[in-house]
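*Asks:* Sequence:
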Amino acid sequence: MTTATFRQLLARRARLIGVGLALLIGVGFTTMTMLFGEVIEAGFRNSVGTEYRAIDFVLEANSESFTGETIAAIEATDGVTDVLVGSPLWIEAQAGSRVTSIVAVDVPDPGGLRDGLVLAAGRLPESSGEITLLRSAARELRVDVGDTVSLAGPYDEDTGEA
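Once you know that position 44 of the sequence shown is 60 in our numbering, the rest is easy, because the numbers rise by one and skip nothing.
Derived from the structure by calculation, the hints contain no laboratory data.
Incorrect hints may appear among the rest.
To be verified - Restraint ranges, calculated between C-beta atoms of paired labels, are given here:
no., residue 1, residue 2, range
1, V123, A92, 18 to 28 angstroms
2, F52, R23, 38 to 48 angstroms
3, A120, D160, 32 to 42 angstroms
4, E57, D160, 25 to 35 angstroms
5, R23, S152, 56 to 66 angstroms
6, E91, E57, 53 to 63 angstroms
7, T97, A120, 42 to 52 angstroms
8, T97, L140, 10 to 20 angstroms
9, A137, E57, 24 to 34 angstroms
10, T49, R139, 37 to 47 angstroms
Built from N, CA and C at the ideal position, the CB exists for glycine as well.
The task is simple: from the sequences and hints, build the whole structure.
*Replies:* See the structure below:
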């Protein structure tokens, strides 16, 4: 039985080569698709997820901001160790002729949220006029620690100002 199967395979070598190539291409495509998906997911986690690495819950207000009473109630909840109140703001950063959009967020107070931040270089801002950039934004702007970066807030259509 095995001998007959091998004889038939050898008699039709072109088909055997075609099937082998099809299998190779299929396995290669599947492997690359899975690898590409993992790379995209890891990149997303590193860029977006860094901010939320040490956070268990994120609460967002639908239409109005949280009141002081609501924030106090959240802080008083059992198991809550840190609360960071604020909302991200998209702004433009410029260094020389290079411009990129970045998300501005408050630096957390000392505690669990702040301890979860890992810097590639430098330190967290300690006074006004200081910022920390994501590595990708620093690369886009081609700046290093200590370089000057100009920031412009969002454009207000009502006033015509940034």
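*Asks:* Run the structure past the numbered hints and jot down the numbers of the failing ones, going up.
*Replies:* The structure breaks hints 3, 6 and 7; every other hint is satisfied.
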